[in-house]
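**Q** Listed here are the chains, written in short residue letters.
Number of protein chains: 2
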Amino acid sequence: MLGGKGANLAEMTRIKLPVPPFFTVTTEACNAYQPTGKFPEGQWDQMMEALKAIEKASGKKFGDATNPLLVSCRSGAKFSMPGMMDTVLNIGLNDETAKGMVALTKNERFVYDSYRRLIQMFGSVVLGLPDEAFEDVLDEMKKEKGAKVDTDLDAAALKELVEKFKAVTKAHKKEFPQDVLEQLRLATEAVFKSWNGKRAVDYRRATNIPDDLGTAVNIVTMVFGNMGNDSGTGVAFTRNPATGERKLYGDYLLNAQGEDVVAGIRNTEKIENLGKDLKPAYDQFLTICDTLEKHYKNMQDMEFTIERGRLWMLQTRDGKRTAAAAIKIAYDMVNEGLITKEEAVLRITTDNVDSMLHPQFDQEDKKVAKKEGRFYASGVNASPGSAVGQVYFDADLTEKMSKEEKQDTIMVRPFTKPDDVHGMLAAKGILTSEGGATSHAAVVARQFGVPCVVGASAIKIDLDKRQMVVDGKVVKEGEWISVDGTTGEVFLGKIKSFSPSLEEQKELLTILNWADEICARPDVRAKLGVTGPKRGLQVWANADYPKDARRARSYGAVGIGLCRTEHMFFEPERLPIVQRMILAPTSEERTAALNELLPSQRSDFEGLFRAMVDNEKDKNGYPVIIRLIDPPLHEFLPAAEELQDKIITQRIANLAGYTLGKGDTKEIAAAEKMLHAVESLHESNPMMGLRGVRLSIAMPEIVEMQVRAIFEAAANVALEGYKPKPEVMIPLTGHVNELKWIQPRLERIAKAVMEEKKVNFSYKFGTMIEIPRAAVTANEIAGLAEFFSFGTNDLTQMTFGYSRDDAERNFLITYVEQGILPKNPFQTLDRDGVGRLMRLAVEDGRKARPELEVGICGEHGGDPNSIEFCHMIGNNYVSCSPFRVPVARLAAAHAALKFSSGAENTDK
Amino acid sequence: MLGGKGANLAEMTRIKLPVPPFFTVTTEACNAYQPTGKFPEGQWDQMMEALKAIEKASGKKFGDATNPLLVSCRSGAKFSMPGMMDTVLNIGLNDETAKGMVALTKNERFVYDSYRRLIQMFGSVVLGLPDEAFEDVLDEMKKEKGAKVDTDLDAAALKELVEKFKAVTKAHKKEFPQDVLEQLRLATEAVFKSWNGKRAVDYRRATNIPDDLGTAVNIVTMVFGNMGNDSGTGVAFTRNPATGERKLYGDYLLNAQGEDVVAGIRNTEKIENLGKDLKPAYDQFLTICDTLEKHYKNMQDMEFTIERGRLWMLQTRDGKRTAAAAIKIAYDMVNEGLITKEEAVLRITTDNVDSMLHPQFDQEDKKVAKKEGRFYASGVNASPGSAVGQVYFDADLTEKMSKEEKQDTIMVRPFTKPDDVHGMLAAKGILTSEGGATSHAAVVARQFGVPCVVGASAIKIDLDKRQMVVDGKVVKEGEWISVDGTTGEVFLGKIKSFSPSLEEQKELLTILNWADEICARPDVRAKLGVTGPKRGLQVWANADYPKDARRARSYGAVGIGLCRTEHMFFEPERLPIVQRMILAPTSEERTAALNELLPSQRSDFEGLFRAMVDNEKDKNGYPVIIRLIDPPLHEFLPAAEELQDKIITQRIANLAGYTLGKGDTKEIAAAEKMLHAVESLHESNPMMGLRGVRLSIAMPEIVEMQVRAIFEAAANVALEGYKPKPEVMIPLTGHVNELKWIQPRLERIAKAVMEEKKVNFSYKFGTMIEIPRAAVTANEIAGLAEFFSFGTNDLTQMTFGYSRDDAERNFLITYVEQGILPKNPFQTLDRDGVGRLMRLAVEDGRKARPELEVGICGEHGGDPNSIEFCHMIGNNYVSCSPFRVPVARLAAAHAALKFSSGAENTDK
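Chains as they are written, first to last, in the working numbering: chain A, 1 to 908; chain B, 1 to 908.
It is worth saying that the hints were derived from the structure and are not from the lab. Keep in mind the model is a prediction, meaning the values are calculated, not measured. Heads up, some of the hints might be wrong.
Just so you know, same-sequence chains aren't split out, so a pair can sit in one copy or run between any two.
Restricting the straight-line Cα-Cα distance to at most 27 angstroms, the calculated cross-link-like pairs of lysine-lysine (DSS-like) are [said to hold, decoys possible]:
id, residue 1, residue 2
1, LYS142, LYS164
2, LYS673, LYS646
3, LYS757, LYS494
4, LYS400, LYS673
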């Protein structure tokens with residue numbers, strides 16, 4: 001109700017910190033104002049009453065000619081919306097009170113400087129006049145007086161400027177009110193109105209802030225840092241917001257007002273030096289900083305003013321910080337005993353973790369760039385990561401320059417369309433001047449992991465002139481810019497970036513271990529009412545090769561949820577053997593080809609088992625789920641078009657009457673044979689065709705070889721002292737009878753290998769749940785399957801009836817843009833549809849087999865929202881790409897904390 | 001427990017009809033015998049006791065040399081399995097008793113004829129000797145004695161034959177037992193064993209008779225119809241089993257045994273003539289027929305023997321009958337007050353109705369063929385209907401002769417494989433010598449409605465000689481045969497067939513009306529516990545054109561459940577306009593093309609509304625559900641291959657160095673333009689691509705035109721005095737937001753048209769439920785949709801993840817053959833998977849909108865098993881092809897009766 005600023009001012013007042021007397025008009029008043037354009041009944045009376053209290057506390061009187069009270073009128077919503085809403089300072093000045101202020105302060109320049117600022121602010125903010133109208137007059141005056149900067153103007157010049165500013169308002173048929181109450185009333189109304197200003201609405205859309213929150217209005221007694229060298233003003237963070245270092249961090253200026261610090265006209269002093277200038281006030285400030293941090297248990301971002309040696313706190317709030325700082329601060333505060341491990345885990349976001357794994361801009365170099373005036377614009381941080389490149393204004397050129405000229409490119413467009421995707425994929429980064437977090441550009445960029453800033457509305461793009469402009473700063477096609485998709489900032493020129501290594505990030509690693517501990521607690525699912533393990537999710541990884549498995553382990557994965565065996569088939573030296581196997585006219589020849597493939601499969605599996613251990617000494621294995629061959633066979637053969645092109649050469653040669661060489665003829669014959677195979681395997685909808693377990697039933701030799709390779713590999717490493725945990729996963733099951741057909745004959749091979757090798761280890765057979773029918777008949781399927789792994793990519797495809805590639809190109813992006821789908825269901829699990837089937841499958845599956853192991857592989861395994869849902873339905877693990885493992889570990893802990901505390905327990 | 005034969009003999013005995021003394025060994029004894037190969041404890045003692053009772057009742061003694069009792073030992077399972085199990089007659093004869101019989105009957109020829117028959121039967125059935133061994137000896141004897149047929153042999157010859165037969169058994173190291181008890185014991189055991197004989201097992205597989213029923217064994221006192229001209233034997237039906245006519249129908253022979261009637265060696269007499277020959281017995285028989293029909297309330301099939309003027313009933317059972325007879329008998333029996341309308345409806349099967357709608361063989365001509373010895377073989381009736389054609393022994397030749405030579409062909413194979421489908425589709429009928437009701441041939445044939453007989457195992461096919469043989473009867477490739485898929489019979493040469501017209505089948509129409517009445521009762525769903533209408537299913541039809549709608553009405557459909565509007569787009573004169581619309585570069589040009597299509601759509605819709613009325617006088621409309629455009633646009637364009645072929649001509653011309661004519665150049669340019677459009681619309685999985693509502697959101701102009709056409713049509717006929725009930729169906733909805741986007745803008749058009757035309761009528765907007773997600777989120781979707789229509793074809797595709805065309809070719813038929821799938825889910829609804837989603841959707845949908853109208857369109861709408869399930873989950877209607885409407889009406893009534901009587905209430 002009080003908004004962020006108002007609440008914090010009130011809180012500071014409550015704990016007896018020095019805050020200038022103030023009162024707050026609530027967000028409720030703002031909301032009541034919006035439909036009618038009128039203050040709700042009683043508001044003005046209450047404001048007048050509160051004003052009297054301020055007058056009493058400050059010993060000054062609003063509008064009094066001898067001892068006038070000046071106030072600021074500041075917006076303050078629940079969530080910070082920096083620069084999006086209006087503020088008016090120095091309210092209470094008019095021709096009469098100005099004179100009184102002069103008499104009181106003996107500082108005519110200060111008073112008329114304040115007065116002219118009031119008229120300009122009031123004129124632009126409240127009366128809606130163009131700011132340039134005032135700036136033009138100011139520039140003229142400076143020229144006339146030979147002044148370089150505003151502060152070169154003396155009292156007389158400023159007094160003259162006040163009159164000229166009044167004339168500006170009149171020229172626009174508006175009047176600056178001399179009635180101070182009218183000033184207050186109109187300023188308050190202007191703040192209310194700014195809640196629905198275009199800038200504010202756009203910002204809320206982009207950041208998902210609800211429209212019905214409204215803003216509060218804070219009427220705060222003015223205090224002045226510009227009343228001489230015993231005065232000053234500054235901003236400070238209790239810790240370094242870039243690095244997290246535990247050291248006061250800030251700037252101040254003596255004899256200056258707040259905006260001077262921000263505007264950067266004068267060089268600010270480092271906050272440490274304040275101790276030399278104004279020691280008592282500085283000491284008091286240090287104490288206050290400490291008090292505030294302990295009170296809020298968080299790093300604080302503060303504004304203060306010292307008026308004639310007396311310290312006033314004007315604002316405090318939780319400070320914004322970089323990902324690195326967020327992690328270090330959370331870690332330090334636990335060690336300082338300020339917060340618990342749970343709070344630390346909740347304090348950092350999955351985006352924080354994610355950005356620590358993407359290339360990032362060097363913070364120092366960024367600061368240098370800002371100092372050099374190379375900050376260019378900011379927009380919505382649509383897809384994280386840093387990108388440096390040359391600007392191109394269309395997709396074709398971006399692609400050409402990227403591919404042919406090997407340039408690093410940034411594609412810049414007002415907005416993007418499906419036609420632009422080839423350029424977006426070729427670019428290092430994407431920048432648009434329009435659109436929000438769900439615009440086409442944003443959705444596509446996130447999809448493909450390209451850093452992206454959208455809706456940088458300050459940028460004017462001129463596609464004819466092949467250039468863009470912000471405040472006169474022109475960037476021409478081919479020039480370099482730097483785009484920070486993590487923060488939404490855009491800079492001119494190049495900024496240094498680096499790819500952080502997780503191993504070196506002690507604080508992050510520690511917090512992730514805390515996250516794991518939280519998940520492992522036996523009670524984390526107590527409030528959910530789901531069957532299955534009471535502990536929360538484990539995080540496993542998808543890894544096809546031993547090197548992926550090692551990375552996954554180093555990132556904290558405690559299992560492999562998906563090893564795609566067919567990837568091994570695509571290796572250049574293996575593919576010809578695979579093709580020979582597919583084309584084999586007899587079962588013997590097929591088996592012969594498969595026997596050639598067996599050793600390489602086995603050796604890859606051995607590598608996986610060796611990598612997936614708790615430590616090299618104990619060699620206790622983590623589960624390794626190996627999926628049997630899934631794709632349709634035609635994927636291993638060349639495309640029909642390629643082959644036809646070869647064959648057509650023959651037809652043309654015949655017609656054109658020339659003879660082909662022997663080599664060509666032979667190649668064409670081979671192509672014709674291959675084309676025949678390709679055509680016989682052609683399917684009109686291969687996604688729903690002969691693949692997965694269907695293929696294994698039609699041609700069991702392949703999976704028989706694979707199971708032999710898996711168990712020979714496990715047996716071999718077991719003989720080396722490892723304790724492997726192989727789990728064989730059968731893909732695309734839709735009917736329990738498919739398992740009944742294939743699983744026993746595979747289990748026989750498993751047992752045979754263990755007998756041959758005279759070794760024993762535990763293993764599981766299970767299935768993907770990726771066909772809707774499998775989810776619906778999970779009770780039957782769990783009769784055979786010892787584990788379920790949700791293949792949410794395919795399950796989403798079938799449940800929605802979307803062919804993923806076709807859909808994203810043809811309508812899915814449009815659906816997300818138009819809000820027909822709230823999110824891309826291939827990125828974030830669709831809880832209502834796909835999720836309902838999953839929940840059904842877990843419940844029914846565990847009824848048939850209470851110890852059923854349930855997990856998820858596929859891209860949703862790395863998406864925090866989807867991970868939360870997996871926790872909610874009682875999954876044992878999520879499996880994601882090794883790079884997403886840290887994010888997933890944090891997300892799993894967030895879910896565990898959210899539900900075990902009983903804070904929220906809803907499907908949404 | 002007593003089996004069919006035993007139970008009926010017992011029942012006849014109970015109601016005091018003349019049955020020879022007998023006893024029955026139960027099926028339980030048979031089941032106890034199977035695992036051990038031994039009679040269960042006490043069985044033999046009980047048999048001996050029962051034998052004594054028979055001896056007492058008959059006044060004869062088993063094995064007695066002066067007054068011997070002879071018995072038959074007959075199998076008799078719960079369900080009739082004609083010819084599949086064994087029977088032994090004349091048990092009790094040995095060298096001693098034969099002499100006693102001669103003394104008693106003074107008929108030496110009769111006694112030794114019986115004795116030699118016993119030894120032959122016993123030899124082949126019980127001792128397992130080859131029947132030929134006996135036949136050879138018999139033939140030799142006939143040659144020796146100059147006898148043409150068996151009956152030419154005199155007593156002496158037969159006596160000699162007895163000795164020779166004994167020698168045959170000895171030559172095979174077996175012995176015919178002179179101990180009559182041993183005869184009885186071994187014969188009983190042989191019947192038990194025959195339950196698990198190959199023939200019997202195959203038959204049970206094909207007819208879904210459970211293996212664990214077992215057979216009973218009936219030990220029946222022999223009576224003899226061959227003891228002179230005061231004796232005889234016959235079979236009779238209480239009504240004509242071919243036509244249903246209410247008139248005794250059968251044959252008899254004086255001085256003959258049962259097998260003589262069946263074997264057709266002597267010409268039988270019509271049953272009516274028995275009144276002349278043996279009036280008292282005939283009169284008694286007439287009374288018994290009447291008694292039995294009234295007792296069993298069904299047409300009876302009886303066997304009787306008259307021994308020296310005394311009538312004995314040897315069997316009665318419900319008579320098998322043709323479809324036509326089944327219908328007439330059910331109808332007549334209601335009128336005679338014998339059964340209720342409900343019983344009549346239950347008495348006829350959906351197969352009966354179905355076969356009355358397929359071409360059928362003329363019964364009289366079939367009888368003639370049988371008399372002429374043209375009956376060739378019989379097998380499993382796999383796909384109903386009659387087919388006459390020339391035999392070809394492979395698929396390629398069948399296709400070639402059908403297509404190129406325009407012949408009517410019958411494809412004959414030992415069995416079929418997926419490679420054979422092109423031949424099967426080209427043939428008029430299919431015949432195989434192997435396989436059962438779920439073999440590849442059977443599944444494919446039913447799928448495509450080709451009459452088919454499978455597993456006619458008597459036929460020996462010789463693919464090298466291009467011929468087939470049964471008992472020496474050779475059919476060479478190209479010769480004519482007739483295949484009756486309804487009965488499983490195969491005949492040589494041509495048999496006349498006819499296509500029955502429903503309109504002329506008064507009895508069937510009446511029974512279907514009774515079926516409708518049963519469905520319409522308000523209580524038919526009382527026991528199911530489902531929400532929705534308490535009345536059972538209505539039957540609607542799928543109809544795209546007015547002529548289909550009129551047929552549907554004449555077949556009793558009371559609504560159109562699916563009108564596919566895009567079929568209208570494929571009409572040759574409209575397709576170019578559709579293509580122009582698709583290729584239109586601007587929205588104006590697109591709208592212009594659509595405006596050209598509107599009048600034809602509107603006029604088709606007018607025709608539908610006019611056809612779908614209760615009667616021409618009242619013009620009350622039935623609901624007409626019109627589905628908006630569904631297929632992807634590329635379906636309206638030529639195939640890429642076609643276009644590429646054209647374009648390649650140019651490339652070849654260039655390379656070969658000749659110039660193309662102007663016409664060619666122009667055509668190639670058009671082809672290139674078209675190819676571009678085709679390629680841009682290409683999808684890797686079109687089934688899951690841009691179609692249905694997705695297409696409507698991308699390109700709303702098409703459906704806007706369609707809705708305008710629908711409402712203009714409805715308004716026009718309303719102005720003519722009709723009361724149309726249009727229902728607009730939106731296809732492929734997966735998310736409620738799709739409806740939220742499209743439905744309001746279509747409803748605005750509907751309202752606008754009604755205002756323009758100043759007319760009002762009721763209408764609905766609804767959706768297909770064919771995407772699994774739609775079923776899972778039905779509660780949300782029912783918020784907008786006023787009706788659901790399950791598109792079970794697509795829903796099955798998505799739920800199973802089967803692309804229908806690919807799947808049936810690649811693995812689905814194999815799955816059904818191997819029993820991985822119990823049935824083809826595209827023919828019979830998969831209750832566990834797809835069905836569970838449907839049930840969920842109905843329940844959730846009705847929670848959101850209690851009056852929700854729910855139906856099913858797609859092929860399952862005509863499948864009785866699926867129709868039953870639709871009844872069980874509370875659907876309002878099923879919609880099927882007009883030709884299936886009569887079948888569906890009966891199936892709906894069967895479901896209603898099954899569940900309202902509470903007989904069964906299960907999902908299975």
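**Q** Against this structure, judge whether each hint is valid.
**A** These are the hints, each one checked on the structure:
For the identical chains of this complex, LYS142 and LYS164 are intra-copy neighbours only, at 13 angstroms inside a copy versus 143 angstroms across copies, given an alpha-carbon limit of 27 angstroms. With identical chains, the CA atoms of LYS673 and LYS646 are at most 27 angstroms apart both within one copy (12 angstroms) and between copies (25 angstroms). Taking CA atoms no more than 27 angstroms apart as the test, LYS757 paired with LYS494 passes in neither setting, with 60 angstroms inside one copy and 67 angstroms between copies. For the homomeric pair LYS400 and LYS673, the shortest alpha-carbon distance between copies (25 angstroms) is at most 27 angstroms, but the shortest distance inside one copy (37 angstroms) is not.
Hint compliance for this structure: hint 3 alone is broken.
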